[in-house]
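As a plain string of letters, each chain reads:
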Amino acid sequence: MILQIIINGILKGGLYALMAIGMSLIWGVMDIINIAHGSFIMLGAFTTYWLFTLFGIDPFLSLVASMTVLFILGYAVQKYLINLVIRASAFITLILAFGIEIFINNSALVMWTADVRKVKVPYGAANFSIGNFVTVPTVRLLAFLLVIIISIILFYILNKTNLGRSIRATSQDLDAARLVGVDVARTYAVTFGLGVGAAGAAGTLWAILFPISPMMGGILTLKSFVVVIIGGLGNMLGPLIGGLTLGVTEALGSNWFGSTYENLISFTILVLVLIIRPQGILGGTE
Amino acid sequence: MTILEGKNITKKFAGLTAVNKVDFKLEKGEILGLIGPNGAGKTTLVNVIAGVYAPTEGDIYFKDKKISGLKPYKIGRLGIARTFQIVRPFSGMTVKENASVGAMFGAQGKTRSAKEAIKKAEEILEFVGLGDQMNVKADQLNVASRKRLEIAKALAMGPEVILFDEVMAGLNFSEIDQAVELIKKIRNSGITILIIEHVMRAIKRVCDRIFVLHHGEKIADGAPEEVLNDENVIKAYLGRRYKELIK
Amino acid sequence: MKNDTRNFLICGVLLLAVAALPFFTNNFVIRFATDILMFAIMASAWNIIGGYTGYASFGNVVFFGIGAYITAIMMEKGGMNFAVAFIGAGFGAALFAILIGLPVLRLRGHYFAIATLGVAEAMKALVQNLEITEGNSGIYLPMLNLSVKGQYYFFFYMMLGTLVLTLLVTYFMLNAKFGYSLIAIREDEDAANSVGINTTYAKTMAFALSGLFTGLAGSVYAYQQAFIKPEPAFTVHTTVKMIVMAVFGGMGKLFGPLLGAFSIEIISEVLSNYFLVAHTLFFGIVVILAIVFTPKGIIDLITQKKFGLAYFLQNIREHRI
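Protein chains in written order, with this note's numbering: chain A, 1 to 286; chain B, 287 to 533; chain C, 534 to 854.
Next up, chain A with everything else stripped away, as it sits in the complex (with noise of 0.2 Å):
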């Protein structure tokens, strides 16, 4: 029983994750808190709709071109808008991503209206036990595993190719990387392409497990940063394990208060972090 909740917990944490590494990414990177996030995870789990309903592309498939089409957005919208304000306050960047949180989800509320869709694939029910006390669903447990990989994508990007380490010399000293060839405006581009891509990926996964709607994004975002700071900044463990904690203490929480308290115990969850330890688990001391 109790394993049961646990484990649904794990698989609901990795999903946190996957939607939170694109955040810690960019705010690791580049210091902006990214108040559109979920809304660039809601255009993820819309291509992946549309990919589905109109081509019937199957949506496991359909993470590449989610991935790849958030990454070409990511990028233009930090090339060509937040690359404008960067060197203000972060105030200011603050804003012009309230902006386009706006921008993004009323587009898609023009554009596909406030309906409430699912993506129904066959297997989506699929599940496999393991003994006699645990279900173990199939998607989630996929999503799961997809989660690790990209985590490990992004660590080898970050860790083992000269892009990475371009991003990793412009988060640790703007004008020095400036100073020593690279291309800040691209790497910036690149690194946001990078972060809305992961999101474009928990978008789809989202899809698949859950019902979809263009105003989906808000608690999304706002479950990321409860992510992002219980695993602290800068290492790419963090959004793991912030995410496994946030999934396991929600499903303990939800079985033991009922489910109306999830977001009571995340908010909480975070805002006693930020007392007690803002560097979160992983993070160093400011």
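Please keep in mind that the hints were generated in silico from the structure rather than gathered at the bench. Just so it is clear, CB atoms sit at the ideal spot from N, CA and C, and this is done for glycine as well. Among the hints, a few may not be true.
Unchecked claim - If you want the footprint, here are the derived chain C segments under chain B, 3+ residues with CB under 8 Å:
hint	region
1	699-711
2	726-736
Unchecked claim - Here are the computed lysine-lysine pairs in the DSSO-like style, where the Cα-Cα straight-line distance is at most 27 Å:
hint	chain 1	residue 1	chain 2	residue 2
3	B	K352	B	K382
4	B	K490	B	K471
5	B	K382	B	K293
6	B	K351	B	K314
7	C	K829	B	K382
8	B	K396	B	K382
9	C	K762	A	K79
10	B	K423	C	K829
11	B	K470	B	K490
We have chain A already, so just place chains B and C on it with the hints.
Relative to chain A, chains B and C alone:
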């Protein structure tokens, strides 16, 4: 009388001992110099006195009252002001407003209304030589004026003791001479001064006594002539400084 | 001195003009103006902690909601009249600001912002689950016993009065030691500490003032709506709006938020009349353009007296990567 005294001051940061069992005495009305090579622990010691850090061991007494461990604002209000090595003006405010803040919240802040504090600030600004730049935004001043503003903020607090942290850094020779005169003027108005400096030209002319830190420990303490010719002090400052000290 | 008296007179005349507004227009305009005033209060209150002290709170809507709910509970369940509830709401919101401020104001920058956001969302979730707040069903408030026109007048003047109170307090604060301490904290908190400012006290008081006025706005809102629910009362979009208004009008300037509230609401209204369906979309575009070209706000545009293309391009040049 001894106005400020530190006994056995030690400050450790996660394994690094920045200041190690330092004793010092500041007599009322004197100008005490604190010198030492880079990284000797001078600014850390000043930060401990000013309340930015609590000492790991040891105590600080101001007029025989223990002040170690008090928050910076309390220490400022008791009568000890400090300047920062890299000046920290309130950039969005004008010069007059900057000095006014000092006058409003320093040792005599409680007794002053906002208007009185602003008046006091104007006097102080004249005293340090910024009288003609009162309405200039702080971030538009040149280096020498910023240093004056930093001093003005401290003076406006109405302190009995001022801790100057490398106030001469970045000044040219004539500006250094002006700064020396200003410091003497400040002492003559009744304020006791502890001054950290690297600029030997200034140290020799302005200090009554000097004490020297090296690797966090006091290695010399006495009259300028003695200290600057002390073997250990010269060794600590190998290189270019050697010639300057010998002069 | 002369400048001050002249400014006072101008403000006085404008205030009288605004106060006379209800007598010359219809109910729709009065209601619209009341909404502008409400947002002006919230943006101005936010300005105290965000603009002057430099602590950008992302959760100020929590005070709005608390003010609204205290009013609802006191009136509906406690049978008290609005005057008492109004004062109770302000007091309660300020008290909450102090309680939550003590731990949260120790954080800086992004972390403070997210913490306040977390507090607001947690409070919403809490209210959704408590019995006394009737959870998601919401609470009805007793109706104001006046004619329809009378009600419009009442709420207009309540909001106007609260805004005047907010701005007056802010004005006197700016000329007093307290105001100097806030700006000092914003410019350099460590230097502020060294110069003798008890920054913990100052920040907490600023947050309390910010909460107080926001709570009062929430109180009037609750009575005006006669019904409140967790979602509109605690929604993050209210915080977004008040921040955008404060920044767009001019952060850290006395009348900036008021100007911002006025402009943003007018722009929104024009857009929604023009583009029935997509007006929020265009609103997003407006926000984006405004922040890219005039990040210092309208007030800066007006006081610098530079209306040309050069001003906008200069802003971009200063802030681009």
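Each hint, compared with the structure:
Figure legend: the region 699-711 of chain C, annotated as covered by chain B; annotation consistent (3 residues with Cβ-Cβ distances under 8 Å, at least 3 required). Coverage of the region 726-736 of chain C by chain B holds in this model, with 7 residues showing a Cβ closer than 8 Å to a Cβ of that chain against a need of three. Taking the CA atoms of B:K352 and B:K382, the gap is near 34 Å; set against the 27 Å cutoff, the hint is violated. The straight-line distance between the Cα atoms of B:K490 and B:K471 is roughly 16 Å, inside the 27 Å bound, and the hint therefore holds.
In summary, the hint linking B:K382 to B:K293 is not supported, as the alpha carbons are separated by about 38 Å, beyond the 27 Å threshold. Distance hint between B:K351 and B:K314 is fulfilled; the C-alpha atoms sit about 15 Å from each other, no more than 27 Å. A hinted pair counts as satisfied when its Cα atoms are at most 27 Å apart, and C:K829 with B:K382 qualifies at roughly 24 Å. In summary, the hint linking B:K396 to B:K382 is supported, as the alpha carbons are separated by about 19 Å, within the 27 Å threshold.
Straight-line distance between C-alpha atoms of C:K762 and A:K79 comes to about 41 Å, which puts the hinted pair past the 27 Å bound. Taking the CA atoms of B:K423 and C:K829, the gap is about 17 Å. The hint holds against a cut of 27 Å. As the CA atoms of B:K470 and B:K490 are separated by approximately 13 Å, the hinted pair is consistent with the 27 Å bound.
In this structure, the hints that do not hold are numbers 3, 5 and 9, in rising order.
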